[in-house]
Amino acid sequence: MKITGLQLFWMILIMEVGMTLVMTLTPGVQAAGQDLWISILIAGCIAMLIAWIVTNAAHLHPGQDLIRLSQTILGSVFGKIVVVVYLVQWYTIIPIVLRQFTDVINIMIMPETPKLAVMIVMVLLISYAAYYGGIVSIARCSEMLGPIVVLMIVLVLLTSLNNVDVRNLLPVFVDNGAQAILKGALPSASYLGHCVEYLMLAAFLYQPEKGKPYVYWAVGGATFLVLVAMTMTLTTISVHMSPRLWYPFFEMTRKISLFGFIENLDPLTIITWVASVFIKLAVYLFIAAYGTAELLGIKNWRNLVLWIAPVIVAFALLPKNVTQATSNYLLNYWVPVAMPVNMIGLPLLLLVVGKIRQRRNGAGSS
Amino acid sequence: MKPSAIMMRCILILTVSAMLTGCWDRKEIDELALVMASGIDMTDDDQIELTLQIALPTGMPGLLQGSAKGKPVMAISVKGSNAHELIGQLQQRLSRKIFFGHRGIVIIGESFARHGIDQVLDTLLRFPESRYNSYILTTQGASAKEILQLPYHMELIPAIGMKTMQAAKYSTATKIDEFLNSVSTHEIQPYTAAIRRTKMQEGESGFEIDQTAVYLDNKLVGYLSGKHLKAFRMMHDQAKRLKLAIKIEPEKKFTKGTLTVDILHFEKNIRTFVDAGGSLQAEVSVRANSRVSANDTTLNLSKTADLTRAESALSQELHDMIAGMISQTQDEFKSDVVGFGKALHTQHPEEWKKLKSGPWLEAYPKMSVRVNAELRIVRVGRTQESGHLLEER
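So the protein lines, in turn, are chains A and B.
Heads up, the first sequence is in our numbering, so the first residue is 1 and it goes up one at a time.
Heads up, the second sequence is in our numbering, so the first residue is 1001 and it goes up one at a time.
In short, the hints are calculated from the structure, not lab data.
A few of these clues could be false.
As the list claims (entries may be wrong) - Derived pair list, reagent style DSS-like, types lysine-lysine, alpha-carbon separation capped at 25 Å:
| hint | chain 1 | residue 1 | chain 2 | residue 2 |
| --- | --- | --- | --- | --- |
| 1 | B | K1354 | B | K1334 |
| 2 | B | K1145 | B | K1079 |
| 3 | B | K1240 | B | K1252 |
| 4 | A | K115 | B | K1366 |
| 5 | B | K1253 | B | K1240 |
| 6 | A | K183 | B | K1145 |
| 7 | B | K1268 | B | K1243 |
| 8 | B | K1268 | A | K183 |
| 9 | A | K115 | A | K212 |
| 10 | A | K183 | B | K1334 |
As the list claims (entries may be wrong) - Facing chain B, from chain A, some residues (calculated, C-beta under 7 Å):
| hint | residue |
| --- | --- |
| 11 | K115 |
| 12 | K255 |
| 13 | P310 |
Quick caveat: nothing in here was measured; it's all calculated off a predicted structure.
Ideal Cβ positions, reconstructed from N, Cα and C, are used throughout, including at glycine.
My request is simple: use the sequences and hints to build the entire structure.
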């Protein structure tokens, strides 16, 4: 199973763009108000930092994925503990993302459809992708869907141009202050930090040591798209309304009205959303199955996909409502735990310990 | 690949695609009651009355069919205490499912608006199918029910006529999201176009949208009309093609003494000042370019002296209109519909933090506003002097 750098680029880009745009806009505006664009810039810097740590850590031992890498660097016991921390992240995010996906579909377009039906369709799809082709088919899908997603977003943004009122961004900074802006950066940063999966994906590259620029470009591209799209959303639906809506980006699309006949473009954003969720879920399902199999020494990781799939559906049904699924998970686990520990702390630990060991080994052998 | 595996895949794909059709949310067009406009009133006994104007596709004359079998719309209404329950009650009378996806117009009855519109707002927002692109109107001197029951012959469905009139911006036009936005902040107070009954032709009545309803927070406080409405529209970037007519000189033998110009370009600038003592001032500067569209005076606009005279008279008129409109909103409505709050927020953000929660509502009527207006004539049309004047030489 091998993937190319370009496929990696699209994979990370899609995972980050769609989800960040839809899920983190509201918490971001609630904290940072009209200064959200500054927050996104900060979030982009944080994500870039994560990308730097992660790629450097992964390149200590090219060709090894996270499970082997952490055991090589930290030794068998500590390495396994680190992997378990990541497994917690992977196993919790799949049901949550699945649930968020279903909620969006339910709230925005299909209020009557049972949640289970929407979930099952998605789970069948991701299991198929992960089971048959593994990372290769997911990567090919992202290579194909990626340009479409970007095109859709650009199209939506272009058609919304006439609704933009830049005065909505005024006054800059004074209303919210530095602290609020930083706080607004965190949700987006935590979603843009998904390049941490590079630790798992790098091993599948044809040339694992040459993955860096693709990751940087993916994070940079995602940040740029999110920045433009969020700023435009704020300028079209204003700072007073956005924090009260669940998915302001969709609402912006609903406002589009050109020449009296180009209207109701929300299907375009739904495509973006479905594609983004599909890639994200498939990637996570794959690495969760593959990682678990490798950790436990199970020969055939494919069977694990079939085991995990029904479980995540069951867990996705657990949250009682949208608030639990979206806000609580994001603000109570993802931002305070997953971001500092899984995205920054542990990769940094791997990087530092790995560097020290390499230097020591180098010094010892020479 | 084994045939059985191929079979399995085919079945899988078929199941998935069958589920993707969204069966639960399918909406057949002949099972829907398409709501084109909705109106809400308050009755004398403090109940809410909801009226829906529903399109009846079977009543529409087809291209070949020629004439209609029946009326293409129906307006039904129901009374009760809770806006949302009313929809359920109406549904019980209709064999088709009420569908709001095509609603282009929301009308708020004057009685209801004066009482406070909180209840409707939530209803406007929460449905997945309600569109923010609908226009919101307030009635004047009639109930929303009466307006929705009026016949209108130019369009098959009256609501479409209203929507077109709003979209063409013959008057102020407010979309739902703009309205909700202004309700949710003190930076600017809400306003909508006002709709009222009027005579169309012999014995037949229709509707007219020629005024603007001004709100304070969530309550209707009055209507802007005439010159003040014109000034209001200019301040909200709708100055293009507005006409300005003034009387420059007394009526003479052949002339009435009026000069009319079309506004070609308009720019406004609001500056706000906060004194050390905390008292607020504002300065409104407007500059307009215009074109002469009718000259019923003895002035010869190709002469500099006459042109200057016309320009200064027009500038004075513009000044009076805008100053008059602002003082009407301050004294009569006490409502900042022009949006001084927004200017204050951007120019004095620290001060705004103290004002925004409520003191601004008190402060606005007391704020002193200076108006500077300058109007220039950049085109005089095809004739120099008034064309019909006798040569005096």
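Checked hints:
no.: 1; hint: K1354(B) to K1334(B); verdict: 19 Å, holds
no.: 2; hint: K1145(B) to K1079(B); verdict: 11 Å, holds
no.: 3; hint: K1240(B) to K1252(B); verdict: 31 Å, violated
no.: 4; hint: K115(A) to K1366(B); verdict: 55 Å, violated
no.: 5; hint: K1253(B) to K1240(B); verdict: 33 Å, violated
no.: 6; hint: K183(A) to K1145(B); verdict: 49 Å, violated
no.: 7; hint: K1268(B) to K1243(B); verdict: 17 Å, holds
no.: 8; hint: K1268(B) to K183(A); verdict: 37 Å, violated
no.: 9; hint: K115(A) to K212(A); verdict: 39 Å, violated
no.: 10; hint: K183(A) to K1334(B); verdict: 38 Å, violated
no.: 11; hint: K115; verdict: 11 Å, violated
no.: 12; hint: K255; verdict: 6 Å, holds
no.: 13; hint: P310; verdict: 16 Å, violated
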